[in-house]
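Work out the full structure: start from the sequences and follow the hints.
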Amino acid sequence: MTGTPPEDAPVDVVCLGESMVTFLPSRPGSLADVPSFARTIGGAESNVACALAAAGHRTKWVGRVGRDGFGDHLVDAIAGYGVDVSAVGRDPARPTGVYFRTATDRATDAHEVVYYRAGSAASAMSPANVPYDSVADGRILHLSGITAALSADCLALMRTLTAPRANRPLVSFDVNHRPGLWRDGPGAGVLMELARRADLVFVGEDEAEDAWGLSGPAAVRAALPEPAVLVVKRGGAGAVVLERGGPARTAPSPRVAAPAPVVPDTVTDVPAPAVDIVAPVGAGDAFAAGFLSATLRGLGARERVRHGHLMAAAALTAPGDLAAPPRRAHADRLVALDDDAWGRLHLGPGWTGEDQEVRTP
166 MTGTPPEDAP VDVVCLGESM VTFLPSRPGS LADVPSFART IGGAESNVAC
216 ALAAAGHRTK WVGRVGRDGF GDHLVDAIAG YGVDVSAVGR DPARPTGVYF
266 RTATDRATDA HEVVYYRAGS AASAMSPANV PYDSVADGRI LHLSGITAAL
316 SADCLALMRT LTAPRANRPL VSFDVNHRPG LWRDGPGAGV LMELARRADL
366 VFVGEDEAED AWGLSGPAAV RAALPEPAVL VVKRGGAGAV VLERGGPART
416 APSPRVAAPA PVVPDTVTDV PAPAVDIVAP VGAGDAFAAG FLSATLRGLG
466 ARERVRHGHL MAAAALTAPG DLAAPPRRAH ADRLVALDDD AWGRLHLGPG
516 WTGEDQEVRT P
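When the letters of the sequence shown are read in order and numbered with the working numbering, they come out as residues 166 to 526.
If you are wondering where the hints come from, they were derived from the structure by calculation, not from laboratory data.
Glycine included, every Cβ here is placed at the ideal spot set by N, Cα and C.
Take the hints with a grain of salt, since some may be wrong.
[What the hints assert, rightly or not] Computed spacing ranges between beta-carbons, pair by pair:
#	residue 1	residue 2	range
1	S251	E391	42 to 52 Å
2	A489	D241	16 to 26 Å
3	E391	P193	39 to 49 Å
4	A388	H238	36 to 46 Å
5	R255	F202	22 to 32 Å
6	S195	G378	26 to 36 Å
7	P351	A506	23 to 33 Å
See the structure below:
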């Protein structure tokens, strides 16, 4: 989207969580039948850090990997996107997590994912080995519910990072409900607790229904009154922003105050453009990155959601979890379209290149 920020620029976003080496199949089929796999990387929070770095922001990923070849690959690959990896811990006793998946759409019964992450280095993250100062030097701290599910130590760390304190960064929290990770019991209550302690929350309408039995943005907001900004994602239908008290703050809070009186939300419903999907992976992380990028720029709710939709469309129209975002000027031109022209957008593979045709039939 734009150039690389100078090395002495302040950190815009710190992302904390587990990243894993990902093995993608060489062709469609079950894991039992696929003969070979290509190695790449995956992880919700590192995906957001990489996408934001590609969009011209200074980002830092904080995680923990094994002192092994896979850990070396992860750190080098993420650093290759321009992400600061100086705070990544190396664990001599625990391995880097890996996972395998099929090429099939995640929404189908044929899709398979096999994780080898139990006892991973990242699952040992805790308040004892992740100093608060290492994650609090950005304007935004981005977290997800996946980390809370990895271990009791990880949950303790998440509670520490989301606790009220003076001058904490804006805390962004993507619920990322993954039922299969909560082996020791349902995580719905934990995810609700963490979301209520955040400043900005992303949640899919479907996962709010699955985790909490809540249907629709109004019901989700009633259960989550504390965050200043709540983004309810509705898949191909778009996203709704429920915002209290103006645009989300992006500077540290000068103090921790008592809960403010409830102020009616400004509700902004923004449809998503039509997209020719190549691979339905990484869209949620890309949406969060686009929304956070626009938040850092102080843009309005409609513009923030549209930037989120465009980053998600970049991920959906390319293979793998990470895709090159459109250049900022290109994205800004599309975001500035009137509602009618925006509603006629149709994005396909290669649309992020400025020399590519963007259909508005």
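Structure-based check of each hint:
{"no.": "1", "hint": "S251 - E391: 42 to 52 Å", "verdict": "violated (32 Å)"}
{"no.": "2", "hint": "A489 - D241: 16 to 26 Å", "verdict": "holds (19 Å)"}
{"no.": "3", "hint": "E391 - P193: 39 to 49 Å", "verdict": "holds (44 Å)"}
{"no.": "4", "hint": "A388 - H238: 36 to 46 Å", "verdict": "holds (40 Å)"}
{"no.": "5", "hint": "R255 - F202: 22 to 32 Å", "verdict": "holds (25 Å)"}
{"no.": "6", "hint": "S195 - G378: 26 to 36 Å", "verdict": "holds (33 Å)"}
{"no.": "7", "hint": "P351 - A506: 23 to 33 Å", "verdict": "violated (44 Å)"}
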